[in-house]
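**Student:** Chain residues, written in single-letter form:
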Amino acid sequence: MVTLGVDYYPEHWDKSLWREDAERMKQAGVSIIRIGEFAWSVLEPEEGRFEFEWLDETVRIFSDAGIDIIIGTPTNCPPRWLYEKYPEAIWTDRSGKKIALGIRGHRCYSSPVVRERSELLIRKLCERYKDEPHVIGWQTDNELEASQCCCELCNDRFRKRLKAKYGSIDKLNDLWGMNVWSGSYSSFEQIDPPYGTYNIGWYNPSYMLEWERFGKELAADFSNFQARIIRSICKDTIITTNTWFCEYPPDFYDLFRELDVASYDNYPVSRLPDDPDALYTHAFHLDLIRGIKNKNFWIMEQLAGPAGCWSPPSAAPRKGMIKGYGMQAVAHGADKVIFFRWRSASKGAEMFWFGLLDHSNRDTRRLGEFTQLANELRSLSIPEDSIIKNDTALLYSPDCDTALYLQKQSYGLHYYDQLKGCHDGITSLGKGCDIVSPETDLSSYKTVIAPALFMCSDKVKQSLRDFVKNGGTLVITPRSFIKNTENTCPMEPVPCGIDDVSGCIVSEFEPLGYNRVKVNIDGNEYDAEKWSESLELSSDAEVSALGEFTSGTLEGETFLTCNKFGKGQCWYVGAVGRRDFYKALMKKIYDANGTPYITDLPRNVELTVRENNDQSFTFIFNNNEHPETFVLNGKTIELSAFECKVIKEGK
Amino acid sequence: MVTLGVDYYPEHWDKSLWREDAERMKQAGVSIIRIGEFAWSVLEPEEGRFEFEWLDETVRIFSDAGIDIIIGTPTNCPPRWLYEKYPEAIWTDRSGKKIALGIRGHRCYSSPVVRERSELLIRKLCERYKDEPHVIGWQTDNELEASQCCCELCNDRFRKRLKAKYGSIDKLNDLWGMNVWSGSYSSFEQIDPPYGTYNIGWYNPSYMLEWERFGKELAADFSNFQARIIRSICKDTIITTNTWFCEYPPDFYDLFRELDVASYDNYPVSRLPDDPDALYTHAFHLDLIRGIKNKNFWIMEQLAGPAGCWSPPSAAPRKGMIKGYGMQAVAHGADKVIFFRWRSASKGAEMFWFGLLDHSNRDTRRLGEFTQLANELRSLSIPEDSIIKNDTALLYSPDCDTALYLQKQSYGLHYYDQLKGCHDGITSLGKGCDIVSPETDLSSYKTVIAPALFMCSDKVKQSLRDFVKNGGTLVITPRSFIKNTENTCPMEPVPCGIDDVSGCIVSEFEPLGYNRVKVNIDGNEYDAEKWSESLELSSDAEVSALGEFTSGTLEGETFLTCNKFGKGQCWYVGAVGRRDFYKALMKKIYDANGTPYITDLPRNVELTVRENNDQSFTFIFNNNEHPETFVLNGKTIELSAFECKVIKEGK
Amino acid sequence: MVTLGVDYYPEHWDKSLWREDAERMKQAGVSIIRIGEFAWSVLEPEEGRFEFEWLDETVRIFSDAGIDIIIGTPTNCPPRWLYEKYPEAIWTDRSGKKIALGIRGHRCYSSPVVRERSELLIRKLCERYKDEPHVIGWQTDNELEASQCCCELCNDRFRKRLKAKYGSIDKLNDLWGMNVWSGSYSSFEQIDPPYGTYNIGWYNPSYMLEWERFGKELAADFSNFQARIIRSICKDTIITTNTWFCEYPPDFYDLFRELDVASYDNYPVSRLPDDPDALYTHAFHLDLIRGIKNKNFWIMEQLAGPAGCWSPPSAAPRKGMIKGYGMQAVAHGADKVIFFRWRSASKGAEMFWFGLLDHSNRDTRRLGEFTQLANELRSLSIPEDSIIKNDTALLYSPDCDTALYLQKQSYGLHYYDQLKGCHDGITSLGKGCDIVSPETDLSSYKTVIAPALFMCSDKVKQSLRDFVKNGGTLVITPRSFIKNTENTCPMEPVPCGIDDVSGCIVSEFEPLGYNRVKVNIDGNEYDAEKWSESLELSSDAEVSALGEFTSGTLEGETFLTCNKFGKGQCWYVGAVGRRDFYKALMKKIYDANGTPYITDLPRNVELTVRENNDQSFTFIFNNNEHPETFVLNGKTIELSAFECKVIKEGK
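Residue numbers (numbering that gives the first Met the number 0), protein chains in the order written: chain A, 0 to 650; chain B, 0 to 650; chain C, 0 to 650.
There's no promise every hint is true.
Since the list gives no way to pick out one identical chain from another, each pair is judged satisfied if it fits inside one copy or across any two copies.
[To be verified] With a straight-line Cα cutoff of 16 Å, these simulated EDC-like cross-link-like pairs (lysine to aspartate or glutamate) come out:
hint : residue 1 : residue 2
1    : Lys644    : Glu627
2    : Lys170    : Asp13
3    : Lys318    : Glu556
4    : Lys644    : Asp384
5    : Lys318    : Glu507
6    : Lys234    : Asp130
7    : Lys318    : Glu554
8    : Lys14     : Asp173
9    : Lys419    : Asp579
10   : Lys84     : Glu188
11   : Lys292    : Asp259
12   : Lys586    : Glu126
Simulated from the structure, these hints should not be mistaken for lab results.
Start from the sequences and build out the full structure, keeping to the hints where you can.
**Tutor:** Okay, here's the thing in structure tokens:
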């Protein structure tokens, strides 16, 4: 059953409040809490002196209240005594210096002392709570980011990794093109982290990508190291970690490979953007998270109030948002939605990151909405085996994300732009969409979109070729199939190594930046921006030109083609558009391959279905600050601002 | 008698110019000069070798000309030989490194060698000039800012201060909430300055506030150390220091406590802002400076020309500004107005910070205005015992200034915004206003405004409660009474600990940032921005709702209340407005408590009164670049651009 | 004969491509290639082990194809093994630390090991290829910038230079005004590089200017050191270096003094600015480069495609640009135009800095335009002794460039603004213009303009005085004649030391920044911005007031004068205008001194003439993205976008 929870910090509050808090939570509909993920200094106030009594009592109180518990391993923040005694445990930044303490997340993933002390504490926690029936799961660390630590230990691991991968330094020099600007290494020992504060565009991109890949691996390794300890003691527990979309994201697929469930910290905007074209539904991120393990996931932190810390508090969640965004998460596959946090901290840097309760501890409107959501979920009884099935998939690639971060292709063009654009086009047609790794088995899909698949292995190219050959529809967009996996450019026409499938190549391109040009699809004009390409159709393919530029330097040139290949088809879209462009594009593609869709949904209303063998749950969510009324399958649907209506049906 | 002066740097000019300069100054109406505050390297060119002859001659020449002299202690800039020999004398920045020399203000306030060498030089200066009748006063250092030095000496003082204040590290951990993110200290020795370059929002706010308080204390301590030396030798002299509104301001009240008079470096804008709503009169800063010691003050540096150094020269002062801004300072309580500087430097970084004379040394329009001002002041003969009395006070709190710098509450919302808004509302009604410390005895005021009094001691709360109880009118605005003095949030409704006086609490809030909503007062609508609050009226108070939001997420909610409490009243204003809002608000409050005001002043015209037992001087200043004509008390007043008319009346 | 070339990197490509590349180049019209300037790590993979075989083969292949070769000394990028073994070879930044490797240009010009290893390699290269007939020239290093290295070696040279120049530290202190802020040095040993990250405006400007002059000298010295080695072995070769307009430019005159020809890396904009007033022709930079040695020059790198590396790729060159910009360079005196680069790199940081060929190696539109240009040049046969003669000169001063970089005079006002404004005014009248050093013999010119000649030696003042006395026309603009060569302000009216020639002085000034005022010339109004000056006419000069401000704080004041002095005239222009202002101004001046010009050219069309004793070549270039048709000397001229028409005539 899908349930709600809150994040709770007993160590921040006087003991006398705990029981009252548990009682109020129960009243409000809390089924689960997450605790402990920053509590190392309270659990081990000095080296080797452990204090578990407060945690024992917390577990007892909440267990008594019938509330389940997830314990976070507190490895994000080793205590000061550890850093003081073992300064090698601290992150080294790009100037080669240990970072100053004072905030959080300062530990080096490679540090043996961090590993040893973490292991000892985790073992003790597991041993102590392994038989508590209400302790149902564990979270490793907190919001793990790809390592950026530049210490000698990390550097040593990095060099070993490169030695193992390339064998000889000459091969590395050759594959990376290190002789450009006389940068060739004489030995692996000359390789360093990217010290210095240059614009990253100045570094060798192959080197930088390997460095970032290494940082992602380290993050996953640090989590897996913990997961193995937990698993060895708490045999049947559920292990996860909470992730989010940060500047240096982990490789989501790798991070969760050995874990049981993916968890996401979900902070949708509390103030809608002024430009209606700028809005995308938070569905995109939720779908991406669901795709990590291709199954339902957890929300470990969910927006509960204005959020402020390093910047001023954001807007307060509008009326309906607490409830609506919570249900939207469920609509996209969340089985638990845990709100951050129960009560706003009265001390520390995050005191203006508001929880469900304000500092005053009085009931709030926000807590009221949470309670309504809990009641609705209780009455709906959504089973955890109800899942989401889609016929369309978008490919998300951690490598492409990083490679395009390292080498921006046009002013204002980010890796996510085209993914979000396509996702928006699909969503606006009342359809769900999976977002999956390019390595995924694609055979269950009818349509697969490769937006900005900048870098691609031969294996994935073959998988996509087979997918089309066997009847699938592949959609290629600008800046896809540009690089090989060493982050260099093959001497081939774009799309490199797959132009037999596309039936066309890019003959000329124009990085548009913030400038716009017009394109034409079926007699309608749309704005394009950021990147544009004219396509040259292959004479020995069954390819058709289906749209052209109607202004700009490429005026009159073809930007849209469809090629018949095997039993399937391959579209090439040589422009980056805006919302209406992607809706029109997806319609045209679905019409061509016979995929059904809904045309009469209002803008920003999304529709998803969870189902198991017995039941289906249709979620209709209004992502607008105004009410919407419309007809769906002959029925009039009325949604208030941010309302998510759920239609439960038997089979 | 109120008189004029200039800042003069004899050491920058050939001796042959000194006598001619003194003569021209006398002609122009200069009564006083400030000298010496950057002259250490000229006074002591190498360790222990002192050269006072040039200063002797300067004192002789200006004394002969009948011009008084203030000597600045040159401790802002110890010479290079001192830093070379004693590098510990140099500031340590947040990376833990000594800053590079090359500019000014590099000394560490804690450094024993800085103290020793400063004392020696100050003693010699005092001994040498103590009997000079024209040397009437001393300025300590120059523009002292709160210390940001992170050296071991400062750190050691910081730790000792904390030990003395908190006694045990556990108490400090508890009061500051250091266990958040496992940040608890095991000992005072683990406490460091805020090393690193994080966004300050990441640090513990209680820690950061103490660090900033410490830096302010160090600055005051460095000035007091000097003042005591001077006082011990020059018994009857006047001691001051010159302050301004800088990024890390000192605690003004603390800085001047042991000094005789407050001095201010007054650089009003030389180009009026384009947005007429953005203009505030410089009266705000002048009133704040007068409030430091609740008495008349000095201007130690006054705008004399386009100002440029680290940035290009500002606009040239418009016609009338030199004279008008000078008189405005007098109108707000300045007894001396010393212009920076006599002649523009021909060398060094400040060469484009123009004085009254340009590099060419020819007479300028600016010098002409200065001369006119001197003549007018001479004919007015304004006595120094003529002072300003107001019935309205604004509370300015150094702690709140810092706490809101550390934790911004909304995009675009600064601590001064609401103070300036209220001050502008009062000024626009032809009234003067005192700006005083919350610790001040408030019994002489009728109306006291607490804008953004973010942090407040129990003692001040009691003083405000008594003030209202005894008949006073208190006005509370957003983000007042949020924190206790440890910079943490009590578990109480806002306004914390004073909601009995307000008769209402904040039930919901919305940080608006740059977005605007409408509020209604007496049927008129006004824009509100940056922060908004809906108020819940207490059922057991005599409180009335007097205004509500008419748009935005809080539409329909009350934002303005007035509560009867004791013999007085307390207003709660749950919105941050613009100029017309504050004018309407202050009118409403004055109407309610029977305070007289003037309604028909043109925008940006201000009216102040200085009086003693015998005479009164009414100053009417036109802060506009255009002339204004209006009727005041039946008389037509005509003011040219930036004109300040003075009406002298006997009693 | 004027010919075309490309930059080529054989070391980036498989050997098997070289012969094919040479063949394709020949077909396309390539006459010359530049190679080798980043190839140190390939030429000397480890200390003392040299590998020249690949270069031998390249020289052989291209010689066989009849293509000439310029070899670049690869000293911009010593290999990693050198830095590893001799870390003192690395640049030290302003924090006093060696910069991180990873990009390029890290060598310290002063480092003995850099000099020794460079000399050894250059000697070997020269010895090896000195007799190759197709190796016709050498380029020293690559895009040498003024040194910013702050290492002890550089500091030591800097101190020695100052000692030699000033003799005693007291003299330096006095001339620089170091006693301001007690900054006097006790000895030359106290002088350091400008460590720290202050806003440069805080440093002493005299010191900073010397530091920058020193950095420029070091760059020139590093090039000359190489040129002397080359010259000693390859007696009759041509030696150059490639320069550009970078943040820390070298002193162009000094850099090329000992070299044979100036070379320029020419990257005109590939997307025209939106504001038509913002466009200046690239002619300005080309004319400045030609003025370095007052003779024809080379383009060592010419725009060949979208350029991206540290930032995303720029816009693609529009149709016509490759050909048009190439011919424009010839029109302004280029004898060789070498395009950067043949094929886009498939590896390394510059992979998206596109060459004539894309990564795919397929023929492109851009290569097509190059080929057309080559064909046209071949048929025109423009001799290298055809040169450009003009009657108007603009003075460009490296010292002024630096001094105004160090002390900006108004928001938005850059040194180049007035130079470009005047150049645009001249160009719009169909005239060419020389841009020369103030030290140049000016006797061949009729009109000389001194825009923003901020700093000026007495010798140059005398030369300008003589120029006017002998009948020349001198034009002075704002911020000229402000400083002496120590970068301090003399105690004289502006224009300092030349007001006898101008017949007027600046009586008041206003830094306008981005604000605009109006000025009047002959009844027409023009916008002025950034800086404005009112002029006071000398009563004992034959000077006339010819224009005044018609708005702003200087309304009614004179801004434009013309004085008769000796046989010539001197104009003072007290305003900074926009394009139409400078066109009107230059017309008025030319009318006054009887200089012919063309009035009916469309905007952004430029006309230049190259001629020798036998022939003349008139170039008419359309700098617009649209076609232009107009009548010139009775003939209708039609130009497509970016077309450069060449009219060849015998004499």
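**Student:** Decide, hint by hint, whether the structure agrees.
**Tutor:** Evaluated hints:
no., hint, in the structure
1, Lys644 with Glu627, "within (12 Å within a copy, 63 Å between copies)"
2, Lys170 with Asp13, "between (61 Å within a copy, 14 Å between copies)"
3, Lys318 with Glu556, "between (49 Å within a copy, 14 Å between copies)"
4, Lys644 with Asp384, "neither (20 Å within a copy, 75 Å between copies)"
5, Lys318 with Glu507, "between (50 Å within a copy, 12 Å between copies)"
6, Lys234 with Asp130, "within (10 Å within a copy, 79 Å between copies)"
7, Lys318 with Glu554, "between (47 Å within a copy, 12 Å between copies)"
8, Lys14 with Asp173, "between (63 Å within a copy, 14 Å between copies)"
9, Lys419 with Asp579, "within (13 Å within a copy, 44 Å between copies)"
10, Lys84 with Glu188, "between (29 Å within a copy, 13 Å between copies)"
11, Lys292 with Asp259, "within (9 Å within a copy, 67 Å between copies)"
12, Lys586 with Glu126, "neither (56 Å within a copy, 69 Å between copies)"
Hints 4, 12 from the earlier list are contradicted by this structure; the remaining hints agree with it.
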